[in-house]
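Colleague: Taken in sequence, the protein lines are chains A and B.
Counting from 1, position 127 in the first sequence corresponds to residue 127 in our numbering; the numbering is continuous, with no gaps.
Counting from 1, position 187 in the second sequence corresponds to residue 187 in our numbering; the numbering is continuous, with no gaps.
No wet-lab data here; the hints were simulated from the structure.
Misleading hints may appear alongside valid ones.
No distinction is drawn between identical chains; accordingly, a pair holds when it is met within one copy or between any pair of copies.
Unchecked claim - With a cut-off of at most 20 angstroms between alpha-carbon atoms, the simulated EDC-like pairs for lysine to aspartate or glutamate come out as follows:
no.	residue 1	residue 2
1	10	42
2	228	308
3	315	264
4	159	113
5	316	42
6	261	204
7	203	317
8	288	319
9	203	6
From a predicted model like this one, the values you see are computed outputs, not experimental measurements.
Number of protein chains: 2
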Amino acid sequence: MVTIRDVAAKAEVSVATVSRVINNKGHVTAQTVSKVFSVIEELGYKPNAVARSLTSRKSNTVALLVPTISNPFFPELARGVEDLAHSYGFNIFLCNTDDDRNKVTNYLDSLRDRYVDGVIINSLNLANEDLEQLHSRGIPAVTLDRTFSTHKFSSLTVKHREGAQLATQHLIDIGCKRIGLIRGPEDDSTAVQRMWGYRNCVKEFDWFDQSWIAPGDFSVRSGYLCMKELFQRHPDIDGVFASNDSMAIGLLKAAYEWGRKVPDDLAIVGFDGIEMSQYTIPPTSTVKQPIYEMGMKAMEELIRLMKEPNAEFSKKELDVELILRESSMR
Amino acid sequence: MVTIRDVAAKAEVSVATVSRVINNKGHVTAQTVSKVFSVIEELGYKPNAVARSLTSRKSNTVALLVPTISNPFFPELARGVEDLAHSYGFNIFLCNTDDDRNKVTNYLDSLRDRYVDGVIINSLNLANEDLEQLHSRGIPAVTLDRTFSTHKFSSLTVKHREGAQLATQHLIDIGCKRIGLIRGPEDDSTAVQRMWGYRNCVKEFDWFDQSWIAPGDFSVRSGYLCMKELFQRHPDIDGVFASNDSMAIGLLKAAYEWGRKVPDDLAIVGFDGIEMSQYTIPPTSTVKQPIYEMGMKAMEELIRLMKEPNAEFSKKELDVELILRESSMR
């Protein structure tokens, strides 16, 4: 059988150079690439192995696609992915997609061309064909907070609806009579699930209608603007579930400007459990997702898929926890 | 003269395939790569051009290395880089280095191997040889907030020391008698410059000594812990310059727990001008850096260097601005 040493000897280069050419990695001149491939062909050195190795797992690079790092949730998630990845010697390329369809496609094309070893994706605008393409190139993928019918990848999500119910029920339990919702983007499935959790708890009340739901976009600024809208529309509002912690920060600012005391006049619960929720004035009650752990688990699963290409894909749903702080302590 | 069409015809592949092989991009089988390189050699198709194009600017990918996206300053900076980059059709790979020497080196190695078109780097742990290596591979670089003796790259920075002086002088002007500093990491040149700005303003006062400077690390949590330390050591403190806005957020929390009214008992000025500084309670005065513009300008400069490989490198220093808000309005 022809070995890599035979190729190196015949091409008059080192074994390391042959390896670099085969793995499409490192600095090799065009002439050397040409020479090595000629020898490979001449000697008939396992052509399938070569073809396979062109897309083999040798880059030690993994990509993490997120909608936006401006929401502190994603930097905290990235931290979990990175800490585990670095301990295994992987670099992480972070890609900010803004959940824009074109950007998602461009990033995935670029990542495939650069032979990354695996991809972790959190995007609303991920299509089934994106995952199929990654799969056909032998690049394993783990999706976060998205579920698809195909089974060619693993996914991790958390109990968004249940969390929203915990938050809203808690506001009812402490005596709130008029509870508003600042929701996330309409096309975001996590935002939709959190809205249904809220609706489940309040739909039977006489006072409830759509006007108690303000359309945020998960940004601090939108939390601020939505809260002002709710104050104007419903001066009697005495509780709010903000469907993420960033919006709760903006909401607190609006309450401060409006002269409403938190929690006495207005009780607030957020969602996510980002570090910043401890540092607001007053500190914000929140539905805590295991953010860091989710990042770690996603990377752990990706490593499993990289090691055993024929491994079964897994679908996991993680628990959330209601953390009570001053913003809802009456 | 031999053209790419001659190579394509002889190798019995399309011009696009030859281009993919030359540019080391896209999906091509090992056999095709071998064939194309054989023909290139056989026909003597500009071998230098081929060698050059192996590292040529065709990936439409640029990398941005930052210490940590957990500090909102960097996501805002990345936003400026990305908006301009996307308008030119570039993807951005974000790399979180934690300013760890090994991670910086690993990322730069990985980026060179993947033929990125250019790199924008904000890192304390960047060595001259890193930049030399990028330069020798024809990968232009722009550094942010770092200056080196070599001239093989462009750099952008802001007036950190002047900004810190504006902040501290403002605290003196509004009547603060005992002004502390929460500084950034000792090995961070921006933190050091901001410390010198503060020292320049307070060094002549009788009360001033080292004990008025608390060692933060630019995180929210360190701002909180440092402020508690300063309260314990100097109960008469009535003004603080936090050398970034994230630490000012933690500081506000400590003041709230300690029962000190901001700004009446304690006036606060931060640094950076991140969006969140508007949403604190009360809103935080800050020395605003042109964060988004800096990201845009860095990308603009990188594009200039990519277009004209022999262009002169540039060194720019941007102005800062003191923004007065409630935290220092007496």
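Colleague: Indicate, hint by hint, whether the structure satisfies it.
Modeller: Hints and how they fare:
Proximity of residue 10 and residue 42 under a CA criterion of 20 angstroms is satisfied in both settings, with 10 angstroms inside one chain copy and 19 angstroms between copies. In this assembly of identical chains, the alpha carbons of residue 228 and residue 308 never lie at most 20 angstroms apart, being 53 angstroms within a copy and 51 angstroms across copies at closest. In this homomeric assembly, residue 315 and residue 264 never come within 20 angstroms of each other (Cα to Cα): the closest approach is 42 angstroms inside a single copy and 54 angstroms across copies. Taking identical chains as interchangeable, the C-alpha atoms of residue 159 and residue 113 are never at most 20 angstroms apart, the minima being 35 angstroms within one chain and 40 angstroms between chains.
Proximity of residue 316 to residue 42 under the C-alpha cut-off of 20 angstroms is found in neither arrangement, the shortest distances being 49 angstroms within a copy and 55 angstroms between copies. In the homo-oligomer, the alpha carbons of residue 261 and residue 204 never lie at most 20 angstroms apart, since the shortest distance is 28 angstroms inside one protomer and 43 angstroms across protomers. In this homomeric assembly, residue 203 and residue 317 never come within 20 angstroms of each other (Cα to Cα): the closest approach is 26 angstroms inside a single copy and 57 angstroms across copies. Taking CA atoms no more than 20 angstroms apart as the test, residue 288 paired with residue 319 passes inside one copy only; the shortest distance there is 9 angstroms, against 40 angstroms between copies.
For the homomeric pair residue 203 and residue 6, neither the shortest alpha-carbon distance inside one copy (74 angstroms) nor that between copies (72 angstroms) is at most 20 angstroms.
Violated hints, in rising order: 2, 3, 4, 5, 6, 7, 9; the structure is consistent with all others.
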